[in-house]
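J.: Each chain, letter by letter, is given below.
Number of protein chains: 2
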Amino acid sequence: MSFDEKLSARVAEVEQIVSSYLPKEEGYQKTVLEAMNYSVLAGGKRLRPMMMQEAYRLHGGDGKVIEPFMAAIEMIHTYSLVHDDLPAMDNDQYRRGKLTTHAAYGEAMAILAGDGLLNYAFETACKAFEIAPGVHTAIGKALTVLSRKAGIYGMIGGQVADVEAEKKGLRIDEDKLMFIHAHKTAALIEASLMCGAILAGASGEDVRDMETVGYNIGLAFQIQDDILDVTGNEAELGKPIGSDEKNDKLTYVKAHGLTEAAAQVEKLSAEAIALLQKNTLQDDFLIELTRALVHRTK
Amino acid sequence: MSFDEKLSARVAEVEQIVSSYLPKEEGYQKTVLEAMNYSVLAGGKRLRPMMMQEAYRLHGGDGKVIEPFMAAIEMIHTYSLVHDDLPAMDNDQYRRGKLTTHAAYGEAMAILAGDGLLNYAFETACKAFEIAPGVHTAIGKALTVLSRKAGIYGMIGGQVADVEAEKKGLRIDEDKLMFIHAHKTAALIEASLMCGAILAGASGEDVRDMETVGYNIGLAFQIQDDILDVTGNEAELGKPIGSDEKNDKLTYVKAHGLTEAAAQVEKLSAEAIALLQKNTLQDDFLIELTRALVHRTK
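These protein sequence lines map, in sequence, to chains R and V.
Quick note: the first sequence, position 244, residue 247 per our numbering, numbers continuous.
Quick note: the second sequence, position 94, residue 97 per our numbering, numbers continuous.
FYI, nobody ran anything at the bench for these hints, they're computed from the structure.
Treat the hints with caution; some may be incorrect.
Repeated chains share a single entry, so a pair holds when one copy, or any two copies, can fit it.
[Stated by the list, open to error] Once the Cα atoms are required to be at most 20 Å apart in a straight line, the calculated DMTMM-like pairs of lysine to aspartate or glutamate come out as: (1) K33 <-> E177; (2) K257 <-> E16; (3) K252 <-> D178; (4) K301 <-> E110; (5) K301 <-> E248; (6) K33 <-> E169; (7) K179 <-> E29; (8) K48 <-> E110; (9) K33 <-> D176.
Computed from a predicted model, the values in this text were never measured in an experiment.
All chains should be built: construct the whole structure from the sequences, respecting the hints.
T.: So, in structure tokens, the structure goes:
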């Protein structure tokens, strides 16, 4: 089976799990439930729950306790897109060719659907306490990591710094650029891999390794994004290139040049793969997935 | 000491605890941290964390594990106000005589501050796992209740039904009215009392009693609000009366008349107080607080 075939099968498997945790569209609050489900089911590669499940398996996990956490991380990722798309933020009408949530349901309902998804992510993750009564301490640790990486010291923190940098039109320095990438992009990938390991009962050292892997993948992914904005094929990417140059935006490529940026992507991904191979169990799919994400051309 | 003096002392005590869990205003995400703290410190009676702490004491709790949950419920209450005040929702510029969060920090930052508070509420509650390593199961149960009562089957659910009823200008029936009151108003009071009991190690029956008490207080509080909109003293209330009549809004008073509404407030509060007195421990302050909330004239 080719990697693309394996990936498609894994996407379908993950979507089935995530969907099973979505709320039924009934009751007086039905509209928000429809808006939440519309947002989650609007597509996406399901990378975060997929990586979480791979990290769980890599550390010997084979139970159901991971499933509510997989749904939770996808709900958190989705709420962040719903709120990012709002008129007061990026004001986007379309995402992946579909109407954004506020374009489809109105602004008030999009705010509430985002709130609903964020809150329901934690409500859903709490279902793990019933699924696996024997591992309440691990579930508590996973909730702690999930909430921290999603919040003001994680994804929201990066989003705030990014919004401010764009609104004020300020030249940001490289330190702030790295802060934005590490928090806005990498934090949820770190959370995915760390929660997978924690729920499988991994050691503190193994969990820290997963954090490093997530950081490296997130950063490499972002730098590759910047590289493609210079060297990519517009037809293949499905979007115009050169937008960073046009917007005079500081990127890793601008600060260090294309050669150095490509070398950095290589270095970050090689480190991540080495850490993944350190584990006595093997997970070839996770390694292939890492290579595919980092070296993508679209 | 009069009840008002006791209440002031308790507000100060609760505020000290809640404040100690607020984030330090530093780092690249500083603006959102300022907006979050501004919102929480803008005032309020701190009823939810206060009732949570009373319920904890009523069931024999005397540790620190309750404190992060007290901060969490106040953060959740606050985020709901921040998002309710947004231009796409109620579009309010002032609350308690102060600029609302979006009026002070802009709309994008108010959305992110609300998200930040909701997420940080769960992050803060998770600190209980470190404070009290011996009671992870109770903490898991409390997190489950907190997330459910705050979410689509609790406060957010009520808010959605309320927003839709107002936007569509529909005549709502009494069943929907009770749904809105029970979810928008009562759910967080139920969560406060239930989490207090759970974290003190109360029995399932005692926790269900606390849910009933919270429901009764929330509903009585709301009906009293509607009564005051007809019979209140504008100077004492600090706001115009008669707004429900003017807006042709269905209220309990409109459906049943003033006499029946007052009798219902009496019945709900008497039931709540009877349940509170059932406990072998006594908490006179909580009973006095219940009476004061339900029979208030402003």
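J.: Give a verdict on every hint.
T.: How the hints compare with the structure:
1. K33 <-> E177: between (45 Å within a copy, 18 Å between copies)
2. K257 <-> E16: Close neither inside one copy (39 Å) nor across copies (53 Å); limit 20 Å.
3. K252 <-> D178: within (14 Å within a copy, 54 Å between copies)
4. K301 <-> E110: neither (31 Å within a copy, 34 Å between copies)
5. K301 <-> E248: Within one copy only: 19 Å inside a chain, 60 Å across chains, cut-off 20 Å.
6. K33 <-> E169: This pair counts as between: shortest inter-copy Cα distance 16 Å, intra-copy 36 Å.
7. K179 <-> E29: between (45 Å within a copy, 14 Å between copies)
8. K48 <-> E110: neither (26 Å within a copy, 30 Å between copies)
9. K33 <-> D176: Answer is between; shortest inter-copy Cα gap is 16 Å, intra-copy 46 Å.
Consistency note: the structure conflicts with the earlier hints numbered 2, 4, 8.
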